[in-house]
Every structure is written in structure tokens, then in C-alpha cells.
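**Student:** Those protein sequences? They're chains G and X, same order as listed. Residues 0 to 194 (numbering that gives the first Met the number 0) make up the first sequence, in order. Residues 0 to 171 (numbering that gives the first Met the number 0) make up the second sequence, in order.
Since the hints were derived computationally from the structure, they do not count as laboratory data. Check before you lean on any hint, since a few could be wrong.
So the derived list for chain X, only partly shown, Cβ under 10 Å to chain G, looks like this [to be verified]:
hint, residue
1, Asp4
2, Leu15
3, Ala36
4, Ile37
5, Asp40
6, Val41
7, Val44
8, Leu49
9, Glu50
10, Val51
11, Asp53
12, Ser63
13, Ser64
14, Ala65
15, Gln72
16, Glu78
Chain X is nowhere near these chain G residues, computed Cβ spacing over 10 Å in every case [unchecked claim]:
hint, residue
17, Gln69
18, Glu71
19, Arg82
20, Asn86
All C-beta atoms, glycine included, are put in the ideal place defined by N, C-alpha and C.
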Amino acid sequence: MRDLTFSDVERLEAAEIDVPFEMDEDAFRAFYDRTARPLWSYLSRMTCDPHLADDLLQESFYRFLRTRGQWESESHRRAYLFRIATNLVLDGRRRARRGLIVPLPDSDQNAIPAAGGDLAEASVRRTDLRRAMDRLRPRERALLWLAYAQGHAHTEIADTLGVKTGSVKLLLFRARRKLAGMLRAVPAPTDGGLS
Amino acid sequence: MKAIDCCREEDVLDALTSGRWPDRADEELRAHVAACAICTDVVAVASAVLEVRDDEPTDMRIPSSAVMWWRAQMRARQEAAREAARPINVAQIVALVAVAAITVAALVVLSPWFGGLLGGWISSVRAAASSDMAAIKAPSALLVGGWMLPALMIGVWLVLAPVAIYFAVADD
Chain G
0 MRDLTFSDVE RLEAAEIDVP FEMDEDAFRA FYDRTARPLW SYLSRMTCDP
50 HLADDLLQES FYRFLRTRGQ WESESHRRAY LFRIATNLVL DGRRRARRGL
100 IVPLPDSDQN AIPAAGGDLA EASVRRTDLR RAMDRLRPRE RALLWLAYAQ
150 GHAHTEIADT LGVKTGSVKL LLFRARRKLA GMLRAVPAPT DGGLS
Chain X
0 MKAIDCCREE DVLDALTSGR WPDRADEELR AHVAACAICT DVVAVASAVL
50 EVRDDEPTDM RIPSSAVMWW RAQMRARQEA AREAARPINV AQIVALVAVA
100 AITVAALVVL SPWFGGLLGG WISSVRAAAS SDMAAIKAPS ALLVGGWMLP
150 ALMIGVWLVL APVAIYFAVA DD
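Working from the sequences, and respecting the hints, build out all of it.
**Tutor:** Written out as C-alpha cells, the structure is:
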């Protein structure tokens, strides 16, 4: 969303323009509080760019608010929001491929430079993990993130990614096997792995 | 046929997300994971994904729900204002074109000098055109010297005026 100037805000607040959102403020704020954090994480991983994730988060919620839809359940509503976000990411990638957008480099703000001992080792390991994930195709990354980071059910993942529920299991298996192969090159964690 | 899932996946994921893996997980589950290629991959991938997720500094970046709601309201109002202004803009353009057309028509009828100027310009265009343009020459002569141009302008105005009024008063 573009920044508003002070005069814009005064003019718009004074204007008697009906803004028909399907959702009222309380319902939206409760839904936002439940979903904003996981959605931002998802967008950040999908785009590999936290700044772009900020913008897409706002755009996703805005488009969600403008939608006039009936949702069967909370998970269906959440899947719809994630689907909007997924489409925005994929559209952005298509535009970037056509040269309309120059993607920002991954700022990797979480990397801890020149720390000593375990901290530096953990930081290097997380960077390796991110790089491995970033080498996956967007849909593979989305599948793994939704399944394991967000704990979404297969039906919800299918709704989000626009695939058949029956296909999710196979797609997830392939993506998992691919990432597992990449991770074998990454040093094992000291306290979270198989050993 | 090669298996693509394992019935113990949920147990493995539950142990991972609850922090019981690997030290506080059941011995039997650990033995299963050691023997099952699918669950081995689930542990490797899910623990990596969870590690990356838990490392994201989201709290610093995400605006509050109140701010998000306010921004959405402002943006929706902006868009509604823009939508409301669009027919007025169209009507203004149409009106401007109509006024310009009527002005030219009036000048042609009332000012011999302007009529001559316009006639000279059309003559030069005709001179440049090839001989098979004869069909165009006759109407252009009528336009300069006769009643055709004012009548045409009035006709255009009669068509455009209702359109302009429609855009000005129609609901969005």
C-alpha cells in the first residue's frame, strides 16, 4: 500500500464513502492476530525477502478483506488467505522473470556475524538450511512450509495451493525427499536430529 | 509400489513439535524412525523447517491489527473515491471535446477568415492526395463551404451529450 499523506488522510476520513468490508473490525482483528505471524513467515520463506514479505502481507490481508465470500470454517478462511498470498508470490515471480521487477537479494537478517562457538555454528547451520530451502521450487517450499512449519492439514494445503487433496501426499513426499537429500550435506544439529 | 507415507508420521511430527524429539521420545518410536526411510526424512525436513520458522523475527515486522485495519480502510476509501471520480472525469473530457467541436463549427460559420484558413488546409491535403481520393474531395468541399459541418457538429453533440450526462449521474 502506498503511504498516505496527511492531507490524504484528512480528506478520506472526512469523506462519506461507504467502505463495504464483509468482515467487521473486531472479527478482522481477531483473525489477523491469529494468522498474520504464520502468514508473514510463509511469505518470507516463499519470497526469500523479508521486505517483500511485509508488502505482500498487507496486500494479502487487503485483498482478503475486499473479498465477499462465505467460509465454511476457520481453516477454510485461513486457506483462502494463504491462497491469496501464494498467488501474489507466484505472480511476483512471473513478473520478475519477465523483467518487470528486480527482486531484492536475500538480506538474511538473521545471520549472526562473527559470533563465537555454538552461536556461530547454529547461525551457519540455519543459513545452510535456508539456502537449501530456497533451492526448492516455490510449490515444494510452500508444501513443506505449510505441512511442517504451519501444521496445516492436507485438505487445507490443497485449498491453498490449488491442487487436489489426493495429490498433496505425493507432492509432499517428493519435496521432502528432495530437501532431505540437500540437508544430508548440511552438518547435523547437536540436539535435534536423529542421533 | 513404493510407499510415499508412513502411519507413524503423525507421531513423529507430534514428538518434534512438542519438543520431545529425540531425548524424550518413546524408545519404540526412535527405533521405528531409525528403520523407516520416510520417517527419517520427516525428522530431517520437519526439524529443519521448524528451526528456520522459530528463528524468524516476525514480531518486529508485523503491524498491529489496528494499524492494518486502518490502512485497509484508508485504501478502500481511496479506491472508492477514485472510482466515484472516474465518470466525472469521463464527462469532463466529453464535454471538453463537445465544446471544442461546437467552437470550431461556430468559427467556420461565423468567421470567413477561419473558414478560408480551414479550406486552404483541406485544399492542401487534397492536393497531396492521389487521384483516387476523389470520393473524399466532394464531402470535404461541402464541409468547408456548406451547412454540413455545423450539422455534423450538432449531431456529434447530440450523441455525446446524453453519454456525458449518463456518466455524470449513473451509479458506480
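**Student:** Tell me the hint numbers this structure goes against, listed in increasing order.
**Tutor:** none
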